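If you read the sequences in order, they're chains W, U and F.
Just so we're aligned: 537 in my numbering is position 524 of the first sequence, and the numbers increase by one with no gaps anywhere.
Just so we're aligned: 161 in my numbering is position 53 of the second sequence, and the numbers increase by one with no gaps anywhere.
Just so we're aligned: 190 in my numbering is position 169 of the third sequence, and the numbers increase by one with no gaps anywhere.
In short, the hints are calculated from the structure, not lab data.
Incorrect hints may have been included.
Only pairs whose alpha carbons sit at most 20 Å apart, straight line, appear in this in silico SDA-like list of lysine to any residue [said to hold, decoys possible]:
no.	chain 1	residue 1	chain 2	residue 2
1	W	Lys-486	U	Glu-214
2	W	Lys-408	U	Asp-192
3	W	Lys-391	U	Gly-222
4	U	Lys-126	W	His-519
5	W	Lys-333	W	His-519
6	W	Lys-408	U	Leu-210
7	W	Lys-391	U	Leu-210
8	W	Lys-206	F	Asp-212
9	W	Lys-362	U	Leu-210
10	W	Lys-362	U	Glu-214
11	U	Lys-143	F	Gly-132
12	W	Lys-563	U	Val-124
13	W	Lys-563	U	Arg-139
14	U	Lys-126	W	Lys-333
15	W	Lys-391	U	Val-124
16	W	Lys-362	U	Gly-222
17	W	Lys-333	W	Ser-521
18	W	Lys-408	U	Phe-189
19	W	Lys-614	W	Ser-531
20	W	Lys-408	U	Glu-194
This one's a predicted model, so the numbers in the text were calculated from it and none came from an experiment.
Spelled out, the chains give:
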Amino acid sequence: MAECHPVGFQWVMEAKARGATIIHIDPRFTRTSAMAHQYVPVRAGSDIAFLGGIINYILSNEKYFREYVVSYTNAATIVSEDFQDADQLDGLFSGFDPKTGTYDTTSWAYEGMETAAAAGTRTVAGRQPGAQAGGGGHEFGGRGVALPHSEVHRDESLEDPFCVFQILKRHYARYTPEMVQRICGVPPEQFVKVCEAVTANSGRERTTAWVYSVGWTQHSVGVQYIRGAAIIQLLLGNMGRPGGGILALRGHASIQGSTDIPTLFDLLPGYLPMPRAGIHRTLDEYLASIKSEGQKGFWTAADTYMVSLLKAWWGDAATKENDFGFEWLPRINADHSNYQTIVDMLDDKVEGYFLLGQNPAVGSANGKMQRLAMSHLKWLVVRDLNLIESATFWKDGPEIATGEMRTEDIGTEVFFLPAAAHTEKDGTFTQTQRLLQWHHKAVEPRGDCRSELDFFFHLGRLLRARLATSSLKRDEGLRSLTWDYPMLEAGEPDAAAVLQEINGRHLSGEKAGQMLNSFVEMKADGSTSGGCWIYTGVYTDGVNQSARRKPGSQQSWVAPEWGWAWPMNRRILYNRASADPDGKPWSERKAYVWWDEAAGKWTGHDVPDFQVTKAPSFRPEPGIGGPEGLAGDDPFIMQADGKAWLYAPSGLLDGPLPVHYEPLESPLRNAMHAQQSNPTREMFPRKENLTGPSPPEPGSDVYPYVVTTYRLTEHHTAGGMSRWSPYLAELQPEFFCEVSPELAAERGLEHLGWATIVTARTAIEARVLVTDRVTPLAVGGRTIHQIGLPYHWGVGGGGSIVSGDSANDVMGVALDPNVHIQDSKAAACDIQPGRRPTGPALPRYVEEYRRRAGISVDTGTARVTPHQDGS
Amino acid sequence: MRTEALTPRTRTADRVVKSICPYCAVGCGQRVYVKGERVIQIEGDPDSPISRGRLCPKGSASEQLVNNPGRVTTVKYRRPFGTDWEELPLDRAMEMIADRVLDTRERTWEDADGQGNALHRTLGIASLGGATLDNEENYLIKKLFSAIGVVQVENQARI
Amino acid sequence: MWGWSNAPDPAADTGWTNAPARKGFFTDGSVCIGCKACEVACKEWNGIPEDGLQLLGMSYDNTGGLGASTWRHVAFIEQPRRSVGTDGLTPLPMVAATSDQNTRDGGAETGIRWLMSSDVCKHCTHAACLDVCPTGALLRTEFGTVVVQDDICNGCGYCIPACPFGVIDRRDGPVGARNVGIAQKCTLCYDRLRDDMTPACAQACPTQSIQFGDLDELRVRAQDRVDTLHAAGVTDARLYLADPNDGIGGAGAFFLLLDEPEVYGLPPDPVVTTRDLPAMWRTAAIAGATLVAGAAAAFVRARS
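For reference, chain W alone in the conformation it holds in the complex (with noise of 0.2 Å):
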């Protein structure tokens, strides 16, 4: 955190100063280790085995919060008498079909709701068998998924051998403190200090807060690590409480912008799913897959968001009897993520590109594939600041260098369009804590620099003026879309025009034309707007709340009046929960938000995240469902239960509970199961993304360490905003590889010396840093030398202050089946003392090592890990 966002860090100082204890887990001992308590060397990609290891810690010694964990959890739940864990089927769980690689979910549903949480799990009903299909995931990023109802079975005194609690138990028994060692390297004394502390600094006095960067998310297995913190801190008691949380430091000014309003293939604003073909033909089709009537909870109100959302694109155009325009949204019937898009266009499959302020040539895993797929594209068109590598491939890429690509056969015609900066637009940028904040415009971008509103606005109108005429049906959507903002002077479209779009409006009635102030005004029946729903009310009462810059020394240390947060201005979410589930504060020292008795209302330090008159003693009618459906004390209320899930009976592809399972590429057997890695991740296997041997298959001592990536205070990711500054540039300028003193010795390498480091994909050169700070791990009987490279830098580029070889290069690409997020934070490499080879020498250095490992398409493709007998 004092690496990647140092101004964030002044809290964990001023937290720190005031007695907070700080514990860093990292395989990197970094700035944060530096100001740390407890510093914790992991092996990169163990840490399933860690947090269940602490799960196990927290359950066995009895330090979870019982009230909480009994009242507002899916812990007391009956699951299934069918479902199967990891444990008794050797770390798989029931309903896996090797053949596609996926599960049916059915037997992982609540007790009652087997047949109908099938039916009602849009992610298995919309996966087609042989294919990576793209549900799950981000898709249900602001809830739960659909349950039938919310008629669950529950044991509160947590003793039904299949609640959610006794499952949770049994699935992490085996997590002990030796394992972890096993597993993680890290040693029990070590690993039983973190879990004293994180346990004594949990309950009703207090909170502990868990912090990662999206280096965690960046695994196959990705989601399942942020669950794994989630199973903690619910059984902690340290959700939706000040101090608490599990915190996602994210890297980009609005990557959390632009996850709420998706540029992502899987979702339209507001978490609301892009409908499937053949499953969501009809608009009621695709409600009645987010929700149902009789579940909890306000995605109940999901038609009123939709309805909405096509009254904003469409306007007059959407009418009751054409289902709002809805058969004009494009459908999505398999994954079309990112990675799957890169294969396709080494397929021919894809013509045109767009790249908006993102560098893949140097940011996305095994870069070598993502130049040659732009290599096959017809058409690139690059917008940024800079005349970043992925604009120049054709150029001065590494491949040209090689002779694997030759500038003159490169049929792509790239267009290459200046970007306007932060400084000469209008809008607003979504922070990490979903906090909008207004950015205003300084100055006129210069010559031909423009933002990406006056692109696509410009766009947009010479695409429609093209088709004005044309009565073709594919051309309908286009033809009726809204796209008449109001312009400003100097020819671009007003933000605020936009923002007041996504807000939403009352389209009749005597409000007719007035903001929406919240989403619960939104109507199904087409008589409002709202381009994404839980942005609703950043234009409360007409005004921009967003702009709002109340000096923070004049208002509350929660600071409501400083930009706005979704939904509803909320600052934490699930605050409901800082409360007993009488509604009292759980202690005075932690009181947040509380049941005012006298007033019939909740009120505290933030905007209750909860019905505000709906009194902590409330019991709603059975078989009620949506909103009023919630109980007094159901404080999750965008669950289907109205509870946080501990386990999650639906919703995630590759299993209810976090499993430990070794990285696509590692050097150690998995130790907590015969299945090695996760059975359900997505793979690419062909030549451009090769895969090394991992045990039990022979040849993984060809590539004996574990190689990671992560950044630098100085740079910002793929460098497209640090390497062109002078300033920046000469404070990192060269890329290097971190080594422990042990390694260096091990394979003679020299301080400032250069050396190669080789993967299945490919090999880079680095100059090398000899550090005490890495340090290697005793893993299962071995030592493990883990090897960290910061991934700024990139060959080619025009006009960039420093340039180095690209750590992504080294990375290869399978994903994490529910998000589809590559792993790329754990793999295995040689090093070597030196630089590599150049020119063609390259390719045949790489080859060598692959036949040395016996490396096929197939290597590391297996789902279900063969028994070392053979059978």
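Could you slot chains U and F onto chain W? The hints should help.
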């Protein structure tokens, strides 16, 4: 002597514009000082309850980011099989891009799958980016691409 | 005993009347996270050119040291594992329960400590650079700081060897950059001070490792911090250049360090290189010092 007459350039700025740091997602407040329609200084906004006026090295280098003399300010064009960049007027580039979008879309359009289920899309066009952009921009991107049937719209959130 | 230990107000001594309280920096190395925001914020404000693109291998420090084009420099010191087991592995990090809540003891766990601290011109009470400057380009400001007047400096370079810390230097490039050939160093953002603004580095510093303010007040604050750290068991904590009785009469920019100054690349006991000069003057005529200082101030004014 010059030193005695020194006045900080923030004092003589024509205006101060409130902004937000464009690098990571902490969302630090920035004050952008403008003189003669040029940004002359960017520093932390002490009013921000998030950042309290502080900036990291990247945020502190924001002025260099926006005023970088090496920043490309004209459209660059590389024709198929070309060996170098060429200049191209922005308006012309926009027309050419619009032509290519429609051309590819026409060629790669899918009305329905093999079972007759509506697809209403093209897989011939893809887009990557958005995490560094404004919400309003992401909104127009998703809206326009959806309207023309482009589904392969992605950004850094998944990478 | 020598010098001006009874004259803690260099601005007044130089002839400034109604000078504001002396300003300075307290750089607290116990909370520095090594982000280098100070280096960049300084360069941005003062228009300082880039200063070399070499990987130095000094941990994460690729700046190397202060110079004409580096007025803030963050040192990184990796202190190695205290012992290594016979198997080549780090021994189990056995740590006694710590009451220390205020220092970097991730190190205690792994046997490694990573020290960081931001260095800067010390703005000495007895500033040899100023003493030796033949043109009067080096000025003691009303804030008690030491500033090079770039329109007066002739680049003679006498100040360079005079500085006991190696801070000041002559900018030798790049061609076209401002003030090439002129001696350059931190001004404590003289222009900003004149507008009641915080110097750029202190303004940016995410963790308040760099604190700006009235020197008297900073010294009290710093001593409190040391006391807190000592009470927490961080006995290594010590102030550096905070003592008005040291060899430079105390610094306007002083530091809290967690190890010996040499570890950070700082001289352990710096002495103003012109220390004999005032001693001689005092022998000749004690009142002379005031007269000379007054004359120097008058000289400066006449040039302005």
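State the violated hints by number, sorted upward, taking the hints as numbered earlier in the document. Violated: hints 3, 4, 6, 8, 11, 14 and 15.
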